[in-house]
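Q: Now for the letters of each chain:
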Amino acid sequence: MSYTFQFGALLPYKADILAGIWLTLKLSFISILLGGLAGAVLASLRSTSGRAVRLVIDAYVEIIRNTPFLVQLFIVYFGLPGLGFRVGADTAALIGMTINLTAYSTEIIRAGIEAIHKSQIEAGEALGFTRFQILRHVIIVPAVGKVYPALCSQFVLMMLASSICSAISTPELAAAAAFVESQTYRSFEVYILVTLIYLTLALVLRGALALLGLWLFGRRAVRRPLAAMPEVSA
Amino acid sequence: MTLRTFGFSEFGFLLQALQWTVLLTVIALIFGGALGFVVALARTSRSNALRLAAATYIQLIQGIPVLMILFLSYYGLSLAGFELPPLFAAGASMAIYASGYLAEIWRGCIQAVPKQQWEASESLALSPLQQYRYVILPQAIRISLPPTVGFAVQVVKNTSVTSIIGFVELARAGTLINNATFQPFRVFVAVAILYFVVCYPLSQLSRVLEKRLHVGSSR
Amino acid sequence: MSEVVVENVHKSFGALEVLKGVSLTVGRGEVFALIGRSGSGKSTLLRCMNGLEKINSGRIEIAGHVLGGDAKALRSLRTDVGIVFQSYNLFPHLSVGENIMLAPRIVKGVPRAEALGIAREVLQLVGLSEKIDAYPDQLSGGQQQRVAIARSLAMRPKVMLFDEVTSALDPELTEEVLLVMERLARDGMTMILVTHEMGFARRVATQTIFMHKGTIWEAGPSGPLFADPRTPELRQFVKADVK
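Protein chains in written order, with full-length UniProt numbering: chain Z, 1 to 234; chain G, 1 to 219; chain X, 1 to 243.
Since the hints were made in silico from the structure, they are not lab data.
Be aware that a few hints might be false.
Straight line, CA to CA, 20 Å or less: simulated SDA-like cross-link-like pairs of lysine to any residue [what the hints assert, rightly or not]:
no., chain 1, residue 1, chain 2, residue 2
1, G, K211, Z, E114
2, Z, K26, G, Y200
3, X, K158, X, Q207
4, G, K115, X, Q86
5, G, K115, X, P92
6, X, K54, G, R46
7, X, K72, X, S23
8, X, K158, X, D137
9, Z, K118, Z, G50
10, G, K211, Z, A115
11, G, K115, X, D137
12, G, K211, Z, F129
13, G, K211, G, I193
14, X, K108, G, L129
Which bits of chain X does chain G cover? Going by a derived footprint, with three or more residues having C-beta under 8 Å, they are [stated by the list, open to error]:
no., stretch
15, 52 to 59
16, 101 to 113
The beta carbon of each residue, even a glycine, is placed where N, CA and C say it ideally should be.
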């Protein structure tokens, strides 16, 4: 095998790659924010509401967790226009990512809430907290703190999975790679470079989330417990 | 080409493609499992160099998108002069992807076996190999069943990514039918339902196994 | 004839020196009790004797093997030296019979039928014949510990080490385990035990070693040693136990 790597051929496309990185970051950031918040809301709604609401939330979580992200994207991007909603590729990507991540974070935070001891809630009641205060200070914040490492893993996985949005022509990093590849035919160089960029993004994101956790929940939350291990998403 | 509607024969085509999804999943779990097992052993070995190498491998695989693993093996293989069918690149990349995650899951399971089990078996003059074979792995495998089955769900879903290099599994079949019928909502919902039919029972099985494990250990 | 010879053994964990030159000799059929406060080094000394901890200097010879050889030599030593732990450490995925038969079968290559015979024999010795098909989690702590003793005995050891084997047990369960050990001692097994059971040490041990600050502070035949401690440290230790 004699192949000469020519990474120099990629130089003229620096702007395209940078634009791709930027969109990947933007999509990831917004979907993490929205998905994380929506997950907290749905998980607490689930723990405080009756059977019907619980059933609907569970169904949503199970449907999303048991179907591929790619197909979810197809339904949003190709399917919704047929029903009268026209969305662009960027919006479709953001919607798909948020819907996906919300389901996972709901499930993760739900597990955290279930791990909160009943006596904690009773202690809150005994101290005269209102229902909302208990929900916020005794249930949600400690629950999220408990499962924070699992949430972080999920956020990083979502950032990596955003590459799949290239399949609906969202011009994020993977799509930029495909574009550069089509222009230069230096497939291997492009994908090695872009893989390294993703790796860097993943490490940076993981580090940033760890710092955020330290600030939000203190030292305890940053350790990665065994319980968080099996949560690996597509 | 005449415009078709999504009907019985189209659904049959999806069902056929589903077989490829399942086959690809099985390939990924068998080969990725074998590789992941070796990496998990290296990750828990006494050698610092082996542990570091395994940890790096796991971090690497878990730090890059499945799509990039797919492209790199696809272009890497053709670069090496192999003119291989997409099934090969798809299978290889899915196996590599699975190995990185299974290695980490199984590392946790091996380390979840109490240290005293190593000491007790060591004191009975078992060799390290015998310790693994007769004492540690049987316990680790029991612990590993729920997360492994859970991870199989992720593999099933992630095989959909191989459609991007043209491998005709379930998601790709959906795209092809959509191109012929222009009924995207109906087609992709049908595709999603088929994935769900495969994944949901596995998810539930993982949950049941998890519960049983906890009941068993607290007896 | 001495079965265990420990000569000037030093052992450190990092900067912490746990054993500061320990020497002792155990004759065949003798029972030695190692007593002392936690952190005195008694458990570490015991664990050094079958190579679970590596010594920094000194020499240990046990059951005709000298510690410090390669992995194969260490395994050979361990076929002749049994150890029982505080936390039983039975293999939870194997039945009682399988727990006992495992090492004889795969380490010594004993045929299945013969291994089964050994298992029955040692189980009878510890009074648990009817539990051969039970699983560890179906047994009480005392029963598990007796199975652990039986598992060690199945290797036909020349020396048995006991590391605080009753510390995790209720008093009544402690008694049934001590009875088994006493019977072993009467049958002539060479035994070294780390224990908090002063009454047992006094009654069964031929010699008692009081360890303090990583050294052998006081040693001698159990009767006189308990009746008339020479050092204030042992006096206080024995007194504290009576209370």
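Q: Look at each hint and say if it fits the structure.
A: Here is what the structure says about each hint:
Straight-line distance between C-alpha atoms of K211 of chain G and E114 of chain Z comes to about 15 Å, which keeps the hinted pair within the 20 Å bound. Distance hint between K26 of chain Z and Y200 of chain G is unfulfilled; the C-alpha atoms sit about 32 Å from each other, more than 20 Å. The straight-line distance between the Cα atoms of K158 of chain X and Q207 of chain X is roughly 18 Å, inside the 20 Å bound, and the hint therefore holds. A hinted pair counts as satisfied when its Cα atoms are at most 20 Å apart, and K115 of chain G with Q86 of chain X qualifies at roughly 14 Å.
Between K115 of chain G and P92 of chain X the CA atoms are separated by roughly 13 Å; this keeps the pair inside 20 Å, and the hint holds. Annotation: proposed proximity of K54 of chain X to R46 of chain G holds, straight-line Cα distance about 16 Å (limit 20 Å). For the given pair, K72 of chain X sits about 26 Å from S23 of chain X by alpha-carbon distance, which is inconsistent with the 20 Å threshold. A C-alpha spacing of about 29 Å is found between K158 of chain X and D137 of chain X, which places the hinted pair above 20 Å, so the restraint is violated.
Between K118 of chain Z and G50 of chain Z the alpha-carbon distance is near 18 Å, which keeps this suggested pair within the 20 Å criterion. A C-alpha spacing of about 15 Å is found between K211 of chain G and A115 of chain Z, which places the hinted pair at or below 20 Å, so the restraint holds. With a CA separation close to 18 Å, the supplied pair K115 of chain G and D137 of chain X stays within the 20 Å bound. Under the criterion of a C-alpha separation no larger than 20 Å, the hint pairing K211 of chain G with F129 of chain Z is inconsistent with the structure, at around 34 Å.
Proximity of K211 of chain G to I193 of chain G is assessed by CA-CA distance (about 27 Å); at most 20 Å being required, the pair is judged violated. For the proposed pair K108 of chain X and L129 of chain G, the alpha carbon gap of about 15 Å is at most 20 Å, so the pair holds. A count of 1 residues in the stretch 52 to 59 of chain X with a Cβ less than 8 Å from any Cβ of chain G is obtained; the coverage claim is therefore unmet, three being the minimum. Evaluation of the coverage hint for the stretch 101 to 113 of chain X: fulfilled, as 4 residues show C-beta separations to chain G shorter than 8 Å, against a requirement of three.
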